[in-house]
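So the protein sequences, as listed, match chains A and B.
Residue 1224 in this note's numbering sits at position 243 of the first sequence, with consecutive numbering throughout.
Residue 26 in this note's numbering sits at position 19 of the second sequence, with consecutive numbering throughout.
The set of hints was computed from the structure by calculation and includes no laboratory data.
Fair warning: this is a prediction, and the values are worked out from it, not measured in the lab.
A virtual CB, placed ideally from N, CA and C, is assigned to each residue, including glycine.
Errors might be hidden in some of the hints.
Stated by the list, open to error - Some chain A residues well away from chain B (every beta-carbon gap over 12 Å; in silico):
1) T996
2) D1000
3) I1008
4) L1011
5) T1013
6) L1017
7) A1040
8) T1058
9) F1070
10) R1104
11) P1109
12) F1142
13) V1204
14) L1355
15) F1425
16) E1478
Stated by the list, open to error - Label pairs and their calculated CB-CB ranges:
17) F1066/A to L47/B: 37 to 43 Å
18) D1155/A to F105/B: 55 to 61 Å
19) L1154/A to P106/B: 41 to 47 Å
20) T10/B to D1155/A: 38 to 44 Å
21) V1158/A to A68/B: 33 to 39 Å
Chain by chain, the residues run as shown.
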Amino acid sequence: MDVSTPEGVMLAAPTPAIDWLILTPVIIPLITAALLIMMRRTVVLHPLIAFLGLSATIAGNSALLWRIYTEGPLAMTMGNWYPPFGISFVADYLGVILSLTASVTVLMIALYAIGDSNGRERRFGFYPLLMTLLVGVNGSFLTGDIFNLYVWFEVFLISSFGLIILGGQPRQLDGAVKYCFLNLIATTLFLIATGYLYGIYGTLNMADLSRIISGAPFEGSLVVVSALYLLAFSMKAAAFPLFFWLPASYHTPKIVVSALFAGLLTKVGVYALLRTFTVILPPAMDSWIMEALLYAGIGSMVVGALGAVVQTDLRRLFSFLLVGSIGFMMVGLSLATEKALAATIFYMVHSILVMTALFLTAGLVDRYRGSLDLRVLSGVSGDLPFLSLMFLALVFMASGFPPFSGFWPKLALISESLKVASYWGMATIIFSSFLSLIALGRAFAFGFWRPLLDEAKPLVEDQNLKRTKFGKLQYLPVMALVIMAILIGILPSYLFELTTLGAKLLLNPEPYVNAVLGGAS
Amino acid sequence: MSTLILRTIAPTLTSLMVIYSIVVLLSGHNEPGGGFIGGLIAASAFALYGIACGVGPVRRAIYFHPISIAGFGMLLAALSGLPSLMEGVPYLTGVWWFPKLSKTVELALSTPLFFDIGVWLVVVGSLVSIALALEEKD
């Protein structure tokens, strides 16, 4: 055997096998997806194989987190090309924390879907699409090349197009058209901005860009590129004023698919904003971009909270809450201090877990009630006390009650806002949390607490017949997500330690750059 | 579309096109060609066969479901990056074998070749699947 070595292009140092951990969050789901696609005749085995693949992914991901915790950021450039030319994968805290959270969430979704997807949906590729979506999301979190980020965006978008129309009802196609159209516009803007960036600097490697751009004045073409990225990623993240596609489409697919999207997809947009405006384009941190992010964040929080208060459909209510939660992250990014960024990453982890759990709870309610309309929905706590208890815990988490997980990042964001004298942001955080509590409290009081209404009784009788043998198993993922969120809330210091390290690396990307380019360049 | 002339020539033409697509696939490393373009040629061959003789014969001829073929291609492409682990170089680095078939004939095998075969299978599988779905509706 012989390794091809064209002269002058190759790296001399051998790659230790442990560095391959950086690939596990992408390669294991990819191989699992390929196996699942090949086994389209034996869809009965799909959940088992997906479960094994996802468990291996989580193991790899955890090991990777341990590796960067002990030895600092890790990079690998594919095909042994010298970094700015080859495509690099870089594992830093931000990326690895988020990809670990994403893998865990997808595992929960896969478990929930065992009792929720029929043979037809599995033959149409529910599990393979789930795995390729994870490939795309994890790839986005770990790639160190901005064009490659675009490719991973495409990978998870195409998977999400397939998932959103699973079921094939006209209403789903209507939601899918809005979703696809807006996302395609955002992706095109992303691509145009990346084209400009390459035209100006001649490189797309994030570390290389960071090295070249840091210290450059924020003017001319850099402003254009930043504005385009801001627009494209805000659209993806469903931030004000470009959020309207999300409540218009997220209530149409299967509930388990809504839960998956709500947990992961908007967060990839926020991740891209975090990465772009700190590591890749450092001059943007002292510019009007941060103010734009602040006002977009304030707008998202206000619109999300007000929208949630008036909705009667449980899933639409959660969709607006999701828009509001994006606002918190954008305000966190706009403050651009170490503590604020740490709180933002913390909030992202919290939001992924809690949003997914909220939608899955809605799925369970729908299974037993056949309706998510708060005008009819009633008496859930009588039949399903345990589910109601979990929902109550999620209400407290999502609205930021101490000592639940939403409280700590909000507290940190408020204290940081005070420090940099950003009073509007602080006031909106408090106002929006209060309104979220009203919206969710209303959902709990109407749907769960009040006695069963007469007009809802026939629905209940009808639905009880549909309980399947996997009904009990579906509690497990919701329970696991709630327990994880509670643990984060009770013991926030562990996660805060990691996210603070992540924030440090965003504000001072030197170790990140050195991991990719080596000390020499 | 199903005329006597087309039905007579289609099987021959299809086999020639598939052979040519494999030639394009294998020459792709050093010359113009490769898995993607080769896959397109093979997919158009199966599409032509479908137009001439119907969708059923195509499905029987390729035996596996086209989507499964695409899945196998994806697996092959993903796995072709792994042998470089043994060599201590990053993922997807080209690794070569030169097995000697006789004293003078040497075969050049490499991981890029298997990657390209994977791409070929993905393109064939997904495009044949689309083409057959479109032809079935008519």
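Which numbered conditions among the earlier hints are violated in the structure presented, ordered from lowest to highest? Hints 1, 2, 3, 4, 5, 6, 8, 9, 10, 11, 17 and 19 contradicted; others consistent.
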